[in-house]
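Quick mapping for you: the protein sequence lines, in order, are chains P and W.
For the first sequence, position 5 (counting from the first letter as 1) is numbered 4 according to numbering that gives the first Met the number 0, and the numbering increases by one without interruption.
For the second sequence, position 297 (counting from the first letter as 1) is numbered 296 according to numbering that gives the first Met the number 0, and the numbering increases by one without interruption.
It should be emphasised that the hints constitute simulated quantities derived from the structure, not laboratory data.
Careful: at least some of the hints might be erroneous.
The list treats identical chains as interchangeable, and a pair is accepted whether it falls inside one copy or across any two copies.
Unchecked claim - Straight line, CA to CA, 27 Å or less: simulated DSS-like cross-link-like pairs of lysine-lysine:
1. K198 - K310
2. K46 - K11
3. K277 - K310
4. K310 - K184
Protein chains: 2
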Amino acid sequence: MTAQTQILAQIKQADTIIIHRHQRPDPDAIGSQMGLAELIRTSFPEKTVYTVGKQAPSMAWMGEMDQISDDVFQRALVIVTDTANEPRVDDQRYIEGRTLVKIDHHPNDEPYGDYSWVDTTVSSSSELIYDFYQEFSDELTLSDAGAADLYAGIVGDTGRFLYASDTATMAAVSGLMKFDFDWNKINQSMDTISPEAAKVSGYVYEHMTLTDSGFNYIILTNEILDSFDLGDFGTSFIVPLMGKINVAKAWAVFEQQDEGFYRVRLRARNIPINGIAKRHGGGGHPLASGAIAQNDEEVQEIIKEADQLLKEHANG
Amino acid sequence: MTAQTQILAQIKQADTIIIHRHQRPDPDAIGSQMGLAELIRTSFPEKTVYTVGKQAPSMAWMGEMDQISDDVFQRALVIVTDTANEPRVDDQRYIEGRTLVKIDHHPNDEPYGDYSWVDTTVSSSSELIYDFYQEFSDELTLSDAGAADLYAGIVGDTGRFLYASDTATMAAVSGLMKFDFDWNKINQSMDTISPEAAKVSGYVYEHMTLTDSGFNYIILTNEILDSFDLGDFGTSFIVPLMGKINVAKAWAVFEQQDEGFYRVRLRARNIPINGIAKRHGGGGHPLASGAIAQNDEEVQEIIKEADQLLKEHANG
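With the hints as constraints, model all of the structure from the sequences given.
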């Protein structure tokens, strides 16, 4: 019996299903969560399905999170999507459920759940949910809204098919686009920035530092960030800007936090750079990782280490 | 007999085939031209296939253009891809061929050719070539290099699936990605800019003017452009930057030419703006058109007209 078959059996048995995803959600977290919720609601209208976690204002169009009391968990099937490890699950009451299911596409370094379906070969957890729907398409029904959620999730995790996509991803997207939803609007909403974010982009392009070795970085202090009025827009749009430079082999954004330390986002085109993240209180994927720099000195250390790493690769 | 069947019959009859595309080629022009050439070469190794037109340095990776003498045309089947009208055909000797075929996805306002296959419902001419291969897949063979050409063409004409894509486009891309080529590399090469272009991007983001009506424009005089060293990189990367602003409903880049006049690129999200282009010596698609402004006064006129148009739409 495959994991998928077990999970479908669990869904069929349950009257109440609560779906979680990771904290600080990206479109794939929300897309897989809401897409799965839509899939279950449409296929089994008699079941009660909740989606929980902190509401993300920028992704409110994908659906609202539910507020539920603790006692609902006791008789519920809990499914967590797109979340590699338990500390990152948004709404830690997930552990109170009757049965726990993990559905994810990240490396399964920290397994959890009574049932677990992890496939690192797919682009996104949203693609996994689509595969689940396809595999049991004689029993399951997907709504247009659910298709829109899954499409947005795949677009989010692939940088709109820039990377991590393959023939299966595109076949899934082709299948999703048979549904009736406005993908142009989704693409536009995920591709555009606010006028103020455009000003920040201008600042970043004019102040980024590109080393001879191909490390492109920018340090954004509180003073700099406070000189702009980004509001709720966030700063995640800055990282892709750094990678736009054709000669950049790796790039980083050092963003100072209110507490004074720096959040570091590290990216690379081909050369695994997560070793540096691990040495500096972080981790992640080989080409996309995060770290913490306690102060300006540690910022400079990370820059030096990245520069050194790229030099070593260039020499051999 | 469909146009496709007629075209395949013509290809089978011909010993020599010359493939043209439009001047100032974009990736879809080159992709459909080279992809079709690859398709014919791989399927019919005994035939001689030439691709002509001015070599585009930035797209040299998609293949070299051939230099051929005038007499080759007399006995050749000439196929022109992705070119709406005859004046735009690159290498005007196309008319000297024995038989002329048009394959295109632009509106067929100015038909030409002995045989013509025009389909405006597809994303790109490269998608059409893929459809041609699919329809006759029992007789035709596509190489990995040909698949790479067609993929690049589709990516180019859709802004990497940002617009103009549908379920059929994605199915075609899924089919192309079954071939062995480095789509990550193609995506990266089409998504990145030079360090100097990044500086220009910074300038553009910091100096763009956004009207209350949602018209976002920038005027790039020779003086401004000369202050950067773009080299051969071109300026086409600037237009998409303008559309990145979420509240922009239409946008324009006014780029002064050596002769003093301005080349105007006009874009819109939903509101047809090509009427303005037509009034100012240009034309094009409803949401993507070009015009000429003879001087600063005409630049200001165009800005005023665009602002007025957006205001009228806002008022209903």
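Evaluation of the provided hints:
For a Cα distance limit of 27 Å, the shortest separation of K198 from K310 across copies, 25 Å, qualifies, whereas the shortest one inside one copy, 33 Å, does not. Taking CA atoms no more than 27 Å apart as the test, K46 paired with K11 passes inside one copy only; the shortest distance there is 9 Å, against 60 Å between copies. Taking the shortest alpha-carbon separations for K277 and K310, only the intra-copy value of 20 Å comes in at or below 27 Å, while the best inter-copy value is 53 Å. Only between protomers do K310 and K184 lie at most 27 Å apart by alpha-carbon distance; the minimum there is 22 Å, versus 42 Å within a single protomer.
In summary, the structure agrees with every hint in the numbered list given earlier.
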